[in-house]
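Asks: Assemble chains B and C onto chain A, guided by the hints.
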Amino acid sequence: MADQLYHVLGAKQFSRAELEELFAASKAMEEVVKAGGDRRHAGRIMTTLFFEASTRTRLSFESAISRLGGTVIGTENAAQFSSAIKGETLEDTIRIITGYSDIIVMRHTEIGAAKRAAAVSGVPVINAGDGAGEHPTQALLDAYTIQKEFGRIDGLKIAMVGDLAYGRTVHSLSYMLANFKDVMIYYISPENVRIPANVKRYMEEKGVRYEETTDLNAVAGSIDVLYQTRIQKERFPSPEEYDKAAGQYIVDTDLMDRMRKNTIVLHPLPRAGEIAEAVDSDPRAAYFRQAQNGLYIRMALIDKALGGK
Amino acid sequence: MADQLYHVLGAKQFSRAELEELFAASKAMEEVVKAGGDRRHAGRIMTTLFFEASTRTRLSFESAISRLGGTVIGTENAAQFSSAIKGETLEDTIRIITGYSDIIVMRHTEIGAAKRAAAVSGVPVINAGDGAGEHPTQALLDAYTIQKEFGRIDGLKIAMVGDLAYGRTVHSLSYMLANFKDVMIYYISPENVRIPANVKRYMEEKGVRYEETTDLNAVAGSIDVLYQTRIQKERFPSPEEYDKAAGQYIVDTDLMDRMRKNTIVLHPLPRAGEIAEAVDSDPRAAYFRQAQNGLYIRMALIDKALGGK
Amino acid sequence: MADQLYHVLGAKQFSRAELEELFAASKAMEEVVKAGGDRRHAGRIMTTLFFEASTRTRLSFESAISRLGGTVIGTENAAQFSSAIKGETLEDTIRIITGYSDIIVMRHTEIGAAKRAAAVSGVPVINAGDGAGEHPTQALLDAYTIQKEFGRIDGLKIAMVGDLAYGRTVHSLSYMLANFKDVMIYYISPENVRIPANVKRYMEEKGVRYEETTDLNAVAGSIDVLYQTRIQKERFPSPEEYDKAAGQYIVDTDLMDRMRKNTIVLHPLPRAGEIAEAVDSDPRAAYFRQAQNGLYIRMALIDKALGGK
Chain A
4 MADQLYHVLG
14 AKQFSRAELE
24 ELFAASKAME
34 EVVKAGGDRR
44 HAGRIMTTLF
54 FEASTRTRLS
64 FESAISRLGG
74 TVIGTENAAQ
84 FSSAIKGETL
94 EDTIRIITGY
104 SDIIVMRHTE
114 IGAAKRAAAV
124 SGVPVINAGD
134 GAGEHPTQAL
144 LDAYTIQKEF
154 GRIDGLKIAM
164 VGDLAYGRTV
174 HSLSYMLANF
184 KDVMIYYISP
194 ENVRIPANVK
204 RYMEEKGVRY
214 EETTDLNAVA
224 GSIDVLYQTR
234 IQKERFPSPE
244 EYDKAAGQYI
254 VDTDLMDRMR
264 KNTIVLHPLP
274 RAGEIAEAVD
284 SDPRAAYFRQ
294 AQNGLYIRMA
304 LIDKALGGK
Chain B
4 MADQLYHVLG
14 AKQFSRAELE
24 ELFAASKAME
34 EVVKAGGDRR
44 HAGRIMTTLF
54 FEASTRTRLS
64 FESAISRLGG
74 TVIGTENAAQ
84 FSSAIKGETL
94 EDTIRIITGY
104 SDIIVMRHTE
114 IGAAKRAAAV
124 SGVPVINAGD
134 GAGEHPTQAL
144 LDAYTIQKEF
154 GRIDGLKIAM
164 VGDLAYGRTV
174 HSLSYMLANF
184 KDVMIYYISP
194 ENVRIPANVK
204 RYMEEKGVRY
214 EETTDLNAVA
224 GSIDVLYQTR
234 IQKERFPSPE
244 EYDKAAGQYI
254 VDTDLMDRMR
264 KNTIVLHPLP
274 RAGEIAEAVD
284 SDPRAAYFRQ
294 AQNGLYIRMA
304 LIDKALGGK
Chain C
4 MADQLYHVLG
14 AKQFSRAELE
24 ELFAASKAME
34 EVVKAGGDRR
44 HAGRIMTTLF
54 FEASTRTRLS
64 FESAISRLGG
74 TVIGTENAAQ
84 FSSAIKGETL
94 EDTIRIITGY
104 SDIIVMRHTE
114 IGAAKRAAAV
124 SGVPVINAGD
134 GAGEHPTQAL
144 LDAYTIQKEF
154 GRIDGLKIAM
164 VGDLAYGRTV
174 HSLSYMLANF
184 KDVMIYYISP
194 ENVRIPANVK
204 RYMEEKGVRY
214 EETTDLNAVA
224 GSIDVLYQTR
234 IQKERFPSPE
244 EYDKAAGQYI
254 VDTDLMDRMR
264 KNTIVLHPLP
274 RAGEIAEAVD
284 SDPRAAYFRQ
294 AQNGLYIRMA
304 LIDKALGGK
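Chains as they are written, first to last, in the working numbering: chain A, 4 to 312; chain B, 4 to 312; chain C, 4 to 312.
Here chain A stands alone, though its shape is the one from the complex (with noise of 0.2 Å):
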């Protein structure tokens, strides 16, 4: 039965075909939420299964679902899963909760258990990130977001920026543009977090051009996209390292005075101090714009999954 249901599981899965008509029916729901919503999926049910935190991802899921006239039933908090307390698999889980639901949306705290989860789900599962694996809705929306703001997603010159080794938003991204063509990545990095292997390998394979850095200020002028990203302090040997390494990647006023007119900055959020508050005046400044796409992208995956209109 699995097989014939729509899961969302990784940045991978998607053709540049289905992004584009992902990126089409998420333009279409733009418009049913400026008409206030529409009761499409009315009756239907969402189970929101949250075995880590993530507030923002659940409510954007929960907000999207409710948009199309569906309800959601769900847990926020593994902590308090009793089941998981008592030492029962994630796989007896969803062998239960599937039967509660038409669509389960699943954050845990492995790598590849929203795969497992979807192996003996009998409804379409969305994985809402998992671990230092995948969040595919996160690279979903980042895409659809350049799309949205140039147009095009063919030819342009991004710049992912920040922690590259463990942030997994970036790597997600990068397999997804892997799809267009002409696009130029430049990964800028401090020395100890770079962009790793695997997904290098991946962009060569699938002959994107790519360039490693550490000099954001040498890029700067040329790049369409900036996408900035959180260093955390615990990656590095000592606060003093870690200051001179973020401390190099902060988005400032002076900084977007040496970019271009029409460059972009994008960032998941939430940010803690790499984008200046000053900074999100400029017109330029997407990532509002980007976390609000989040809506229009799960909406869109969400009708999929449920067999459209």
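No lab work stands behind these hints, which were simulated from the structure alone.
Watch out, some of these pointers could steer you wrong.
Said to hold, decoys possible - Below 30 Å or equal to it, Euclidean Cα-Cα: the simulated DSSO-like pairs (lysine-lysine) are:
#: 1; chain 1: C; residue 1: Lys15; chain 2: C; residue 2: Lys209
#: 2; chain 1: C; residue 1: Lys118; chain 2: B; residue 2: Lys37
#: 3; chain 1: A; residue 1: Lys307; chain 2: C; residue 2: Lys37
#: 4; chain 1: A; residue 1: Lys15; chain 2: A; residue 2: Lys184
#: 5; chain 1: C; residue 1: Lys307; chain 2: B; residue 2: Lys37
No experiment lies behind these values; they were computed from the predicted model shown.
Replies: Frame of chain A; chains B and C shown alone:
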């Protein structure tokens, strides 16, 4: 955009005319509930954003939007709010959440949090308590209960009893009562938790008569409303002094016997031991009716914020 | 008022006629779910008041009301229930909550909590487990599963296996089975966790035949139903004794081979290691069907409590 929205932030924002309009709307909501609710806000989404647990208040708001056909998304615990953990500002959180729903009900631990939220929100914000600050919907339901029980507020004698220093409900209720004529307020408390100077000053500016005393018995026979509150042990230098102070203000059948036939007893609830259970069966015990009125007031506020029927 | 309400508090409240009516209603609910649910209780609100986490049970109830068009408000964790923290009695909590919804589903840590709630509630209360007390909806779904799998309960031989002292589900199920004719029960457990005297006394009063034994193998070949439960380590004086006891009662393919062709295996779930995963693919493994039946039973109960279609 935010200027045109109807936010509910503090007790002082309400004029007498607005209160009367709101009381009439709340009365109408009672009829809506009796008829099993209606669907006037079907498709509208409320986000309940509780950075501090307050189940009673949250459920009251969730019931209110549900009775009007709307939907709830939300989080019931700040400790689980991952973005707060990761150091995101409240403003950033609101900037994102604002795109997910049509109204935000927020509880926070910090004074002024609701105002900060309203300043960046694209949808109406209702303050469900911000730390030691305000809790305007509690004050509204308190005032509405008095209006409903007596048919008026003008000319009533109202005693507020207990911890008047730290209990924010008595402050907000005082501000609200200042809209009415010939109200007489008795502030009755132990010496160490007297009503603050700024509240007294406000009442003086508004021309409201008040008296401060430690002696509930002296006043009990001549009041219309006894508004009882909790006294917290930790405010007192020793358990003995607490017991002495708290013991003076217990509402029991003896006290009820000394009060007039139509004097009502209110309490924001939960109560600990400051109203004896034996009092519950007395028709003058209005505190459960008061709690119920919270539903109607919140329905009226939500309805107004969402633009009415 | 409470007397006229349909509360679900304990297994003993159900007569045979009521059980048969409920089984028929549950069967009808299967058809409702297959048809995608209906809207018969649109506008009705269920409060799920869980003073103890039990995600599976809570989601099952929330799915049930959702499939009938109703709405859920609730709290999933007692530790966050501010009123409980502040020392409010359960009765006061219910007196307030009762005004927010049309039905209350409650899980609590204390025996008798559901009865106390029902005594002051203005709306029906369904007991979703009260400590070591009752869990009547589990017993109902257990009995319904047996009825459904065999077309009858009369005349069946049912083995209850595992921790029969502390496992409340086997107590409640025993009480319920006492309504049927010619049932034979085998209580199979380690010596230190035998079925309590009060359960045996009840069965004797009702004229139900039973046997106690420690030997599952001796009985396995002649039973219709094997109701497996968990054995908890902390009940045993040493890990060695636990391993010895628990190891005797594992349902694995060897045991399945020794059982008859139509003997079914039930389990209230979650399971730890007491049923091998290799058994899952055996058609006699009925425990996931059993969990699914919980949805239909709860829909039927909610429907009855809310006054039907």
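Asks: All the hints need checking, so say for each whether the structure fits it.
Replies: Now the hints, each set against the structure:
Between lysine 15 of chain C and lysine 209 of chain C the alpha-carbon distance is near 12 Å, which keeps this suggested pair within the 30 Å criterion. For a cut-off of 30 Å, the pair hint linking lysine 118 of chain C to lysine 37 of chain B stands: about 26 Å separates their Cα positions. For the hint pairing lysine 307 of chain A with lysine 37 of chain C, the CA-to-CA distance comes to about 20 Å; that is within 30 Å, so the pair holds. A threshold of 30 Å between alpha carbons decides the hint, and for lysine 15 of chain A with lysine 184 of chain A the separation of about 16 Å falls inside it, so the pair holds.
Among the hinted pairs, lysine 307 of chain C with lysine 37 of chain B is consistent with the structure: their alpha-carbon atoms are about 20 Å apart, no more than 30 Å.
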